[in-house]
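S.K.: Protein sequence lines correspond, in order, to chains Z and B.
At position 45 of the first sequence (counting the first as 1) the number is 45 in our numbering, and the numbers step up by one without a gap.
At position 24 of the second sequence (counting the first as 1) the number is 1024 in our numbering, and the numbers step up by one without a gap.
Just so you know, these hints were derived from the structure itself, not from any lab.
Bear in mind the structure is a predicted one, so any value in this text is a computation, not a measurement.
Treat the hints loosely; a few may be bogus.
To be verified - Here are the computed lysine-lysine pairs in the BS3-like style, where the Cα-Cα straight-line distance is at most 27 angstroms: (1) B:Lys1078 - B:Lys1015; (2) Z:Lys1 - Z:Lys68; (3) B:Lys1078 - B:Lys1017; (4) Z:Lys42 - B:Lys1015; (5) B:Lys1017 - Z:Lys42; (6) B:Lys1078 - Z:Lys42; (7) B:Lys1011 - B:Lys1078; (8) Z:Lys42 - B:Lys1011.
Claimed, not checked - Among the chain B residues that face chain Z by a calculated CB cut under 10 angstroms, a handful are: (9) Ser1009; (10) Gly1040; (11) Gly1051; (12) Ala1055.
Idealized CB from N, CA, C, for every residue including glycine.
Each chain, written out:
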Amino acid sequence: KQEVTQIPAALSVPEGENLVLNCSFTDSAIYNLQWFRQDPGKGLTSLLLIQSSQREQTSGRLNASLDKSSGRSTLYIAASQPGDSATYLCAVHTLNTGFQKLVFGTGTRLLVSP
Amino acid sequence: GAGVSQTPSNKVTEKGKYVELRCDPISGHTALYWYRQSLGQGPEFLIYFQGTGAADDSGLPNDRFFAVRPEGSVSTLKIQRTERGDSAVYLCASSLTDQETQYFGPGTRLLVL
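Modelling step: build the complete structure from the supplied sequences, incorporating the hints.
M.R.: Pasting the structure below:
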């Protein structure tokens, strides 16, 4: 059974810092890995999707890497801003459970103070 | 265009009651998914529809939970004899096909007293 773990559970940083969020998964047979952002009272917004054949994806100040063999992904946020405050969720599509099922981690709650 | 919408946004009910949660997917999306997110946890898969049929309902926790999508668009998640443990945010997502990115709605917050 695929299990996804995210560390740290919560993170508080001052504005301007660069930070790294970690995601690990137990079954390396994945289709792809996604990072989502969840704001209180709102749905999930997809930030980056890394296909299993890729090693990283970048969007603006965000960079996500994937090391499938070790079962790890990191989300790097450069020059953090208060507007980045949210919960960040990592999710994988696992081959064994089917592409359609996203398996999520428990998330990292990020607070960026001005 | 319009995203995935869910109604109601909040629902408070009493233990033992029946509830229905509605999801309106993005127009033209053939695949629809339901997830449940308990406090402090990530979303957990419940059921996936391809068109009108439930292609995978392996995530439904027990037979009190049922979902339909009769015309291949709107879906309703039905919960019978609600229990306090059913309290959670119920998220719906849709995708153009089952190989495409899933787009999530804002969720329905269900509280069972």
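S.K.: Each of the hints needs a verdict: does it hold here or not?
M.R.: Against the structure, the hints:
no.	hint	in the structure
1	B:Lys1078 - B:Lys1015	holds (15 angstroms)
2	Z:Lys1 - Z:Lys68	holds (16 angstroms)
3	B:Lys1078 - B:Lys1017	holds (11 angstroms)
4	Z:Lys42 - B:Lys1015	holds (26 angstroms)
5	B:Lys1017 - Z:Lys42	holds (26 angstroms)
6	B:Lys1078 - Z:Lys42	holds (22 angstroms)
7	B:Lys1011 - B:Lys1078	holds (13 angstroms)
8	Z:Lys42 - B:Lys1011	holds (15 angstroms)
9	Ser1009	holds (8 angstroms)
10	Gly1040	holds (7 angstroms)
11	Gly1051	violated (13 angstroms)
12	Ala1055	holds (7 angstroms)
Figure legend: structure checked against the earlier numbered hints; the only hint not met is number 11.
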